[in-house]
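Protein chains: 2
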Amino acid sequence: MIKKGLEDNFENIRKIFTEYLEKHAHRKTPERYTILKEIFATEGHFDIETLYIRMKNHKYRVSRATLYNTIELLLDCELVTKHQFGTNYAQFEKSMMFKQHDHFIFNETGEVIEFYDPRIEEIRSQVENLFNVDVTHYSLTFYGNGRPKK
Amino acid sequence: MIKKGLEDNFENIRKIFTEYLEKHAHRKTPERYTILKEIFATEGHFDIETLYIRMKNHKYRVSRATLYNTIELLLDCELVTKHQFGTNYAQFEKSMMFKQHDHFIFNETGEVIEFYDPRIEEIRSQVENLFNVDVTHYSLTFYGNGRPKK
DNA sequence: TTAGATGCAAACGGTTTGCAGGGAA
DNA sequence: TTCCCTGCAAACCGTTTGCATCTAA
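Note that the protein sequences, when read in sequence, are chains A and B. Start counting the first sequence at 1; every next residue gets the next number (my numbering). Start counting the second sequence at 1001; every next residue gets the next number (my numbering).
Everything labelled a hint here was simulated from the structure, so no lab data went into it. Don't be surprised by glycine CBs; every beta carbon is placed ideally from N, CA and C. One or more of the hints may lead you astray.
[What the hints assert, rightly or not] Residues of chain A placed beyond 10 Å of chain B at every Cβ, according to the derived structure:
1) 52
2) 54
3) 58
4) 60
5) 77
6) 109
[To be verified] Reference excerpt, derived from the structure (chain B facing chain A, CB under 10 Å, subset only):
7) 1084
8) 1087
9) 1106
10) 1107
11) 1113
12) 1115
13) 1117
14) 1131
15) 1132
16) 1137
17) 1142
18) 1145
19) 1146
[As the list claims (entries may be wrong)] Only part of the chain B face toward chain A is listed, based on derived beta-carbon distances under 8 Å:
20) 1086
21) 1123
22) 1126
23) 1127
24) 1136
Kindly produce the complete structure, drawing on both the sequences and the hints.
Set out below in structure tokens:
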């Protein structure tokens, strides 16, 4: 039953993507839907190379160029979010429509914890008012170490 | 008088760097001090290539490799801060010991505004307590557009 | 039928590395 | 004198681009 719910949810995602492609007169190629499916089939963050390897392992014929192109579309229709956690390569994650969140990164391992604190919205408004700007997006990331168990 | 004050301040910076080099048994080469001086002589953010060009223009013989090496030392002794504003190249700025701040970036131009909102410290404590971690550093950046003048 | 999309491989650009020569300690 | 540091150039690696081929519309 829960699984059914998740599938329904993905159907919804597909629909959003389809509408986006149609609206912008982009072709609905099988590759694009396969990549969308692959991304939404796994949890957590990923980079392009990892996604590429994973799809190769699943015996899909896909090129890095197409991955980069398709990610661009998915970013544009906001189904995927891009992060640059202080490295010089990009990491991505599927957007969780409702669940806005920020990140804590362990210095040693790169492990990611997600959290949400509503006070960030207050800071955001403050910035918008102070500088007379519209904030389109933002990035808040804490870096640090775990405390000794003890 | 104010200028004098700034010079004194830079003397202090030099001292910090010297102490750091001595403590870690790194050599006090002229290149390292020249780079330090060049960085503290200019305002705002910079990337390695810009710094390289600027030093070439000032007729310094310096290699990119040394710039990268020295920046690494300056980061380590916290005289310089590193940013990755959503691009795949790093930007840096001299640390302002006392003036903690975050950034707003204009989507179109990349122009940077600095600001400070103390509420970020509350979020930081919250994260530390919630996940039982120590935050060593963080990054908060808003991206957006200026509002039409009216 | 045809313009947009794909796969492949080469190009690109910021960063890193290897190495011979130079200079701080 | 030692061996860390420097400049130079090549290597590296994530990303972008060019192009022949393919295919959604």
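Outcome of the hint check:
1. Every CB of chain B lies more than 10 Å from the CB of residue 52 of chain A, the least distance being 17 Å, so the non-interface label holds.
2. With a minimum CB-CB distance of about 22 Å to chain B, residue 54 of chain A clears the 10 Å threshold, and the non-interface call stands.
3. At the 10 Å boundary, the C-beta of residue 58 of chain A stays outside the reach of chain B, the nearest C-beta of that chain being 27 Å off.
4. Against chain B, the non-interface label of residue 60 of chain A holds: every CB pair exceeds 10 Å, the least being about 26 Å.
5. The Cβ of residue 77 of chain A sits about 18 Å from the closest Cβ of chain B, beyond the 10 Å cut-off, so the non-interface label holds.
6. Consistency note on residue 109 of chain A: stated as away from chain B, and its beta-carbon is indeed over 10 Å from all of that chain's, at 12 Å minimum.
7. For residue 1084 of chain B, the interface hint holds, since its Cβ comes within 10 Å of a Cβ in chain A; the closest pair sits about 5 Å apart.
8. At about 7 Å, the closest approach between the beta carbon of residue 1087 of chain B and any beta carbon in chain A falls short of 10 Å, and the interface hint on this residue holds.
9. Hint status for residue 1106 of chain B relative to chain A: holds, with the closest Cβ pair at about 8 Å, below 10 Å.
10. The beta carbon of residue 1107 of chain B comes within 6 Å of a beta carbon in chain A, closer than 10 Å, and the hint placing it at the interface holds.
11. Taking 10 Å as the C-beta contact cut-off toward chain A, the hint placing residue 1113 of chain B at the interface holds, the least distance being around 6 Å.
12. A cut of 10 Å between beta carbons decides the hint on residue 1115 of chain B: the least distance to chain A is about 6 Å, and the hint holds.
13. Because the closest C-beta pair between residue 1117 of chain B and chain A is about 5 Å apart, less than 10 Å, the hint holds.
14. The interface hint given for residue 1131 of chain B holds, since its Cβ lies 6 Å from the closest Cβ of chain A, which is under the 10 Å cut-off.
15. Interface restraint check: residue 1132 of chain B against chain A, minimum CB-CB distance 5 Å, threshold 10 Å, status holds.
16. Interface hint at residue 1137 of chain B: satisfied, since its Cβ lies 5 Å from the closest Cβ of chain A, which is below the 10 Å cut-off.
17. Look at residue 1142 of chain B: its Cβ gets to within about 4 Å of chain A, closer than 10 Å, so that hint holds up.
18. Residue-level restraint check for residue 1145 of chain B holds (minimum Cβ-Cβ distance to chain A is 5 Å; threshold 10 Å).
19. Of the supplied interface hints, the one on residue 1146 of chain B holds, with its beta-carbon coming within about 5 Å of a beta-carbon of chain A, less than 10 Å.
20. Look at residue 1086 of chain B: its Cβ gets to within about 5 Å of chain A, closer than 8 Å, so that hint holds up.
21. Hint on residue 1123 of chain B holds. Least Cβ distance to chain A is approximately 5 Å, under the 8 Å limit.
22. Evaluation of the residue 1126 of chain B hint against chain A yields a held restraint, the C-beta minimum of about 6 Å falling below 8 Å.
23. Look at residue 1127 of chain B: its Cβ gets to within about 5 Å of chain A, closer than 8 Å, so that hint holds up.
24. Evaluation of the residue 1136 of chain B hint against chain A yields a held restraint, the C-beta minimum of about 5 Å falling below 8 Å.
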